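Chains as they are written, first to last, in this note's numbering: chain A, 1028 to 1287; chain B, 235 to 526.
In case anyone wonders, no lab produced these hints; they're calculated from the structure.
Predicted model only: the values in this text are computed from it and were never measured.
Using N, Cα and C, we set each Cβ at its ideal position, and we do this for glycine too.
Certain hints may be false.
Unchecked claim - Straight-line Cα separation of at most 30 Å, DSSO-like style, residue types lysine-lysine; simulated pairs:
1. B/K421 <-> B/K465
2. B/K387 <-> B/K421
3. B/K374 <-> A/K1198
4. B/K248 <-> B/K442
5. B/K454 <-> B/K421
6. A/K1198 <-> B/K387
As the list claims (entries may be wrong) - Far from chain A by the CB rule (all over 10 Å, computed), these chain B residues:
7. Y264
8. V296
9. F316
10. T347
11. V383
12. T394
13. P420
14. D488
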Amino acid sequence: MSEHPQTLLTVTGLTRHFGRVVGCEDVGFDLWPGEVLGVVGESGSGKTTLLNCLSGILEPTAGTVSYTDRTGQVQDLYAISEPRRRFLMRTDWGMVHQNPRDGVRMRVSAGANIGERLMAVGARRYGDIRAEAGAWMERVEMDLDRMDDMPRTFSGGMLQRLQIARNLVSKPRLVFMDEPTGGLDVSVQARLLDLLRRLVTDLGLAAVVVTHDLAVVRLLAHRLAVMRRGRVVETGLTDQVLDDPQHPYTQLLVSSVLQT
Amino acid sequence: MRGYNFAYLDEQTKRMIRRAILKAVAVPGYQVPFGSREMPLPFGWGTGGIQVTASIIGADDVLKVIDQGADDTTNAVSIRRFFALTTGVRTTEETAEASIIQTRHRIPEKPLTADQILVYQVPIPEPLRWLEARETETRKMHALAEYGVMHVKLYEDIATHGRIATSYNYPVLVNERHVMAPSPIPKFDNPKMDHMPALQLFGAGREKRIYAVPPYTDVKSLDFEDYPFEKQTWEHACALCGSRDSYLDEVVTDDRGGRMFVCSDTDYCAERRDAGHVGTGAPVTYGADAAE
Chain A
1028 MSEHPQTLLT VTGLTRHFGR VVGCEDVGFD LWPGEVLGVV GESGSGKTTL LNCLSGILEP
1088 TAGTVSYTDR TGQVQDLYAI SEPRRRFLMR TDWGMVHQNP RDGVRMRVSA GANIGERLMA
1148 VGARRYGDIR AEAGAWMERV EMDLDRMDDM PRTFSGGMLQ RLQIARNLVS KPRLVFMDEP
1208 TGGLDVSVQA RLLDLLRRLV TDLGLAAVVV THDLAVVRLL AHRLAVMRRG RVVETGLTDQ
1268 VLDDPQHPYT QLLVSSVLQT
Chain B
235 MRGYNFAYLD EQTKRMIRRA ILKAVAVPGY QVPFGSREMP LPFGWGTGGI QVTASIIGAD
295 DVLKVIDQGA DDTTNAVSIR RFFALTTGVR TTEETAEASI IQTRHRIPEK PLTADQILVY
355 QVPIPEPLRW LEARETETRK MHALAEYGVM HVKLYEDIAT HGRIATSYNY PVLVNERHVM
415 APSPIPKFDN PKMDHMPALQ LFGAGREKRI YAVPPYTDVK SLDFEDYPFE KQTWEHACAL
475 CGSRDSYLDE VVTDDRGGRM FVCSDTDYCA ERRDAGHVGT GAPVTYGADA AE
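Using the sequences and the accompanying hints, generate a full structural model.
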C-alpha cells in the first residue's frame, strides 16, 4: 500500500460496466500533489464515467481508487465508510460540473453558495463566513456587489466562477473538472482558463480535467490520458502527446482540430 | 358512540401507531414512518395529531385542544367534539387540568408538567425539504448528520433581512443529534421545548411521519454565534389582561388603523383576568388618519 507514499491518488484496474455496455475498462494511473491530469477523448469514450468513479459518485465494477489524505494515510475510496467518503468529497475534494447549475444551489445567493462548505464543517460566525465568501469572490474575479444576488441572475461565465469559488473555499487538495469551459464563448473561456491556471498554481491544487477540447488541456494539464471506448490508449506529457501522437486514434484526434 | 371503536381507530392501527411512537421516543427528533389512515377530515386539518391522540388516549384522560392558542376556534372545537363523541373522555379548556393537549401553532403559556403529553399537528415534518427534494437524500443527510444546509438558510435570512427572519417552524437540534421541524409554532415557543417536563409527540398525517421529544431533552434552536437566536417581543402588553410575557395576536378593530394586541393563549388570558389582572382594554392606533 505504501508503494507510492507520496501520490495523491492511485488508481488501479478501474472498471465500470453498465450491464453489457462498457463505461470504462481497466484504467490505472497515479496523480501527484499539484499535478493536473487531462483526460481527452470523443463523446462516449468513458471520460465522465471515469471521473464519476474517481470522485466517489459512481461505484466502479472493479478496481481501486486510493487517496492519500492530509495526515498521510492512504484511504481506499470504496472501502471506507460512506460518511467518511462524503466528508472527503466536501472538504478535501472539489467537483466542477460542466453545467454550473448542477453544482450551484440556484435558490440561494452567491454568498450562501460559497459559504455552504464552511457551514457544513461547522463555521458558525456569520461575519467570518461572509468575509471568506467575499475574499473568494475577489479571487475568482467576481463583483462583490453581486454577493447577495441569486445565481439565476448571473451569466454563464459568472456561474462557472461561482461554482469554482464554492468548491475552492474549503481549500481542497484535489479538484475534478468535467468540461469546465464547456458552453462558454471563446473570450470567456480564455479568461476562465487563465483563472483556473493561476488558481491551480497558487494553491498547489491537483486536478483531473475531463474535456474534449484539446486547447483546454494544452493550457491546463501537465499530463494527458487519451481515452477511446472506455480504455486509455495513450498517456504522456501533454505537449508530447499532442505534438507527437503515437496511437492512431490520438493522431486522428489531434489532426481533427482545425488549425487557425 | 355505537358502531365505532373507542377513539375511532381500530386496535391494530393504534398498536401500529404506538410502536411508531415508542420508536420516536427512543430516538429523539427522528422521523418514524407510519401507516397513516384516512380520517373523517381532510389532510392538513390535524389528521396526524388526531391519530397520535387516538392511540394514546384512555378513558381517564382529560383532553384539551388548541388551534392558534385558542380553545374556541373551528379546528379546536371540532377535534375536541370528535374525541368527546368517540371516547366519552372529559374535555377541558384549562391547561393545568388536561392530561393530553393537542395543539396546532402554539405551546400553552403555562409551563407543562411531567404528567402531561403535548401532541402537535405537523404539516411538513422534514426540515431539510426546502433545499433537498429527494426523500432518499434527506434521510441520508439525517443519518450522517449533514446539517450544513440548515445554516445556509439562516445565512440567507441574514443576508436578505439583516437578521434571522424565520419566525415560525424555526429549526431545532434535538438531543444534539437530529435537526427537527418543530411544526409551525412561533419561534417564541421554541425555548419552551427545551427540557420540557412533558412528553412532546408530533404527528404528520399526510406525510406519514411521527417524531417525538422525550421529557427533559435538549432542544436547541439553530443560530450563528454573532446572530444568536432571539424570540419575538412586543411593544405592547395584552389589551385584555396586561400580560407582557405572552405571545400576542394583532387584532384589527376598525378600518382606520385601529388594532388590539391580545394573548393568543385564550386560557392563559382568561385565567389572568379572573385573577384580577387588567389591560388598557383600548385599541392601539397607527397611521395618519388615526390621529383625530
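Structure-based check of all given hints:
1. B/K421 <-> B/K465: Holds, because 6 Å separates the two Cα atoms, which is no more than 30 Å.
2. B/K387 <-> B/K421: 15 Å, holds
3. B/K374 <-> A/K1198: 25 Å, holds
4. B/K248 <-> B/K442: 14 Å, holds
5. B/K454 <-> B/K421: Between B/K454 and B/K421 the Cα gap is close to 11 Å, so the pair holds against 30 Å.
6. A/K1198 <-> B/K387: 23 Å, holds
7. Y264: B/Y264 is indeed farther than 10 Å from all Cβ atoms of chain A, at 17 Å.
8. V296: With a cut-off of 10 Å, B/V296 remains clear of chain A, as the shortest Cβ separation is near 43 Å.
9. F316: 40 Å, holds
10. T347: Given that every Cβ of chain A is farther than 10 Å from that of B/T347, nearest at about 34 Å, it holds.
11. V383: 7 Å, violated
12. T394: At roughly 7 Å from the nearest Cβ of chain A, B/T394 sits no farther out than 10 Å, so the non-interface label is violated.
13. P420: Fine: 23 Å to the nearest Cβ keeps B/P420 off the interface.
14. D488: 39 Å, holds
Going through the hint list in order, the structure does not satisfy hints 11, 12.
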